[in-house]
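First to last, the sequence lines map onto chains A and B.
The opening position of the first sequence corresponds to residue 14 in our numbering, with each subsequent residue numbered one higher.
The opening position of the second sequence corresponds to residue 5 in our numbering, with each subsequent residue numbered one higher.
Hints in this document: simulated from the structure, not taken from any laboratory.
Check each hint, because a few of them may be wrong.
[As the list claims (entries may be wrong)] Pairs of lysine to aspartate or glutamate residues, derived as DMTMM-like cross-links and limited to a Cα-Cα distance of at most 25 Å, are as follows:
| id | chain 1 | residue 1 | chain 2 | residue 2 |
| --- | --- | --- | --- | --- |
| 1 | B | K15 | A | E133 |
| 2 | A | K15 | B | D43 |
| 3 | B | K15 | A | E271 |
| 4 | B | K7 | A | E19 |
| 5 | B | K41 | A | D325 |
| 6 | A | K274 | B | D43 |
| 7 | B | K7 | A | D140 |
| 8 | A | K15 | B | D28 |
| 9 | A | K253 | B | E20 |
| 10 | A | K15 | B | E20 |
| 11 | A | K274 | B | D29 |
| 12 | B | K41 | A | E278 |
| 13 | B | K7 | A | E139 |
| 14 | A | K274 | B | D24 |
| 15 | B | K41 | A | D22 |
| 16 | A | K274 | B | E56 |
| 17 | B | K49 | A | E31 |
| 18 | A | K253 | B | D24 |
| 19 | B | K7 | A | E271 |
| 20 | B | K15 | A | E139 |
| 21 | A | K15 | B | E16 |
| 22 | A | K28 | B | D28 |
| 23 | A | K28 | B | E45 |
| 24 | A | K349 | A | D325 |
| 25 | B | K52 | A | E31 |
| 26 | A | K223 | A | D193 |
| 27 | A | K28 | B | E46 |
| 28 | A | K15 | B | E46 |
| 29 | B | K49 | A | D22 |
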Amino acid sequence: MKYMSEYRDPELAKKYLEEIKNTVSRPWSIMEVCGGQTHSLVKNGIIDMLPDSITMIHGPGCPVCVTPLNLIDKAVYLASEKEVILCSFGDMLRVPGSQKSLLEVKAEGADVRILYSPLEAVKIAEDNPDREVVFFAVGFETTAPANALSVVHAHRRGVKNYSILASHVLVPPAIKAVIDDEESKIDGFLAAGHVCTIMGNAEYHPISAKYKVPIVVTGFEPLDVLQGILMVIRQLEQSKSSVENQYARIVREDGNLEAQKVINEVFEVRNQMWRGIGEIPESGYAVREKYAEFDAAKKYNVTIDEAPENPDCISGQIMKGIKKPFECSQFGKKCKPTNPLGAPMVSSEGACAAYYHFSGLVEA
Amino acid sequence: MAKVLFGGIMKEASLEMLPDANIDDYVLVHVGVAISKVDEEEAQKTFKYLEEIGELGDLTDVDEYLPKTN
Numbered sequence: 014m015k016y017m018s019e020y021r022d023p024e025l026a027k028k029y030l031e032e033i034k035n036t037v038s039r040p041w042s043i044m045e046v047c048g049g050q051t052h053s054l055v056k057n058g059i060i061d062m063l064p065d066s067i068t069m070i071h072g073p074g075c076p077v078c079v080t081p082l083n084l085i086d087k088a089v090y091l092a093s094e095k096e097v098i099l100c101s102f103g104d105m106l107r108v109p110g111s112q113k114s115l116l117e118v119k120a121e122g123a124d125v126r127i128l129y130s131p132l133e134a135v136k137i138a139e140d141n142p143d144r145e146v147v148f149f150a151v152g153f154e155t156t157a158p159a160n161a162l163s164v165v166h167a168h169r170r171g172v173k174n175y176s177i178l179a180s181h182v183l184v185p186p187a188i189k190a191v192i193d194d195e196e197s198k199i200d201g202f203l204a205a206g207h208v209c210t211i212m213g214n215a216e217y218h219p220i221s222a223k224y225k226v227p228i229v230v231t232g233f234e235p236l237d238v239l240q241g242i243l244m245v246i247r248q249l250e251q252s253k254s255s256v257e258n259q260y261a262r263i264v265r266e267d268g269n270l271e272a273q274k275v276i277n278e279v280f281e282v283r284n285q286m287w288r289g290i291g292e293i294p295e296s297g298y299a300v301r302e303k304y305a306e307f308d309a310a311k312k313y314n315v316t317i318d319e320a321p322e323n324p325d326c327i328s329g330q331i332m333k334g335i336k337k338p339f340e341c342s343q344f345g346k347k348c349k350p351t352n353p354l355g356a357p358m359v360s361s362e363g364a365c366a367a368y369y370h371f372s373g374l375v376e377a
Numbered sequence: 005m006a007k008v009l010f011g012g013i014m015k016e017a018s019l020e021m022l023p024d025a026n027i028d029d030y031v032l033v034h035v036g037v038a039i040s041k042v043d044e045e046e047a048q049k050t051f052k053y054l055e056e057i058g059e060l061g062d063l064t065d066v067d068e069y070l071p072k073t074n
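Just chain B, with the same shape it has in the complex:
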C-alpha cells in the first residue's frame, strides 16, 4: 500500500495495478486502487486545443494536429 495525498488528506491506496508509480507522481485513485498515472504532457493539450484548431481552421484534414488518440 502507498500513501497518496488528496488535496491535503493522506489516504492509503494500492499500487498493484500501477507497479511503475513513483514517489511524487500524480495518480488517479478509484475505490482505494491507483489505476492511472497523469501524463503531464498530454495534460497541457486541453489548454492548447482551441489555439490549435484556430490556427488550422482552414485546412480540410486537421486530424493529425488534434490530441493524439493514444
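Excised from the complex, chain A in its bound form:
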C-alpha cells in the first residue's frame, strides 16, 4: 500500500459510478467545499460521468481565491519596500492585485520568494538579520498550524525580523454562509478532509442537525470523492442528515489536538473578509496580542485604499456555486491562467483554472 495510487483504480471507480446511478432516484445538488476536490472531480472526468440528476456545485474552498484584494495590495506594497523579503506560497504570486501582482513587483526587482513551508521563512529571517522577512500566510485550518508554528519558532529563537501577514479562513462558518444565501440550493456537502484532519468533525454535527443536510468528510483521490458522493446520496435518498467520515484513514473525530493547541496559542477567531463573498462572522484568524510583534498587519501600519474588483470577473458567484466557470463571458477569452482576471483562474484549487485545464469546454 502507498495510500495514493490505490485510490485511483478505474475498475472500482466504475463500480462506484454504477452504484451511484442505481441509488439516485431524483435530482440532488451537492457542494464539494474544497478546491482540491473540485480539481479531482474535473481532472479525473468524474463530473462528466455522474448521472445528470446529480449537480456538483463548487464551493469557496480555495484560500488563495478568497484572500481580500486589499490584502494582496498590502503584500505588494510591503514587497516593494527595500528592506523586505516577501515570502509566500507559489499560487499567491500570480493573483492580480488592484494594480499589480506579487510576481509583477518581483519582475521589477522586489525580493519576493516562493516557499514550500513557512518554517523556511524563519530560517531566511535568521540568515538575513538586516532584512525584514514577511510571510504572506494564507490558508484554511489545514495551513494554520504551520503558519502558527513559524511564529512560535521565531519567538522561541528570538528572531525579531520575522512577521506574518495573516489571511486565514475557516470552513464551517463559510458552509453556514453558503446555506444561508438565498440564491444557493444545496442538498448535501462533501466537507474538506484535510481541514478536518486538523479540526476534527465536531463543528459539523450542529450544522448538519440545524440545516438537516448530510455532510460527509471526504478525501481527494477519485475513489474518495466517488465514495463521498455515494455516501451523501444514500443519506439523501433515505431522508437522513448526519455527519459521516469517508476519509477516516486520515481524519480522526477529534482532529489533531497538538495542531489545535498551536493554533490557539498564536491565533484568535475574528470576522473575516472573503474576496467575492463579503464578510463572514467569526470565519478567520487574527494573530493574538501576545505575538503582536510577529503580526505584519500591526508591525507595518499601512493603510491601503479599498480598490474595486475587476467588473468583468464574476468570481463571487463562482465561489458561491451560483454560476459555473463556462457561464462567465470572459472565461477562456480575456481570462486565462496566463492572464487571470480573478483568483479562481490562478490557483490550482480555483474552479475556473480546473475547468480551463481539464474540462475541454474552453474551445466549445
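Fit chain B to the supplied structure of chain A, relying on the hints for placement.
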C-alpha cells in the same frame, strides 16, 4: 525535523504536530508539517464499502456497518 520520503523524493518535515510518529509510518505532510498518520485499517474501507452496502442493501438501518465516523 524528520526525513519523509515522497514517492522517491526525500524532504524534511516537522513532527511537532505528530509527536507519536515513528520510523516507517505513512504520514500526511502539509507545507512542511506532518499533520496525520495513515490508519491502515481504515484505509481498507474504501475498497470494501460497496461490498458492505451491497450485502446490507435490504436492511433499513445500515449505519452501524458504514465506515465509522471516528
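I'd like to know which numbered hints this structure contradicts. Please list them from smallest to largest.
5, 9, 16, 18, 22
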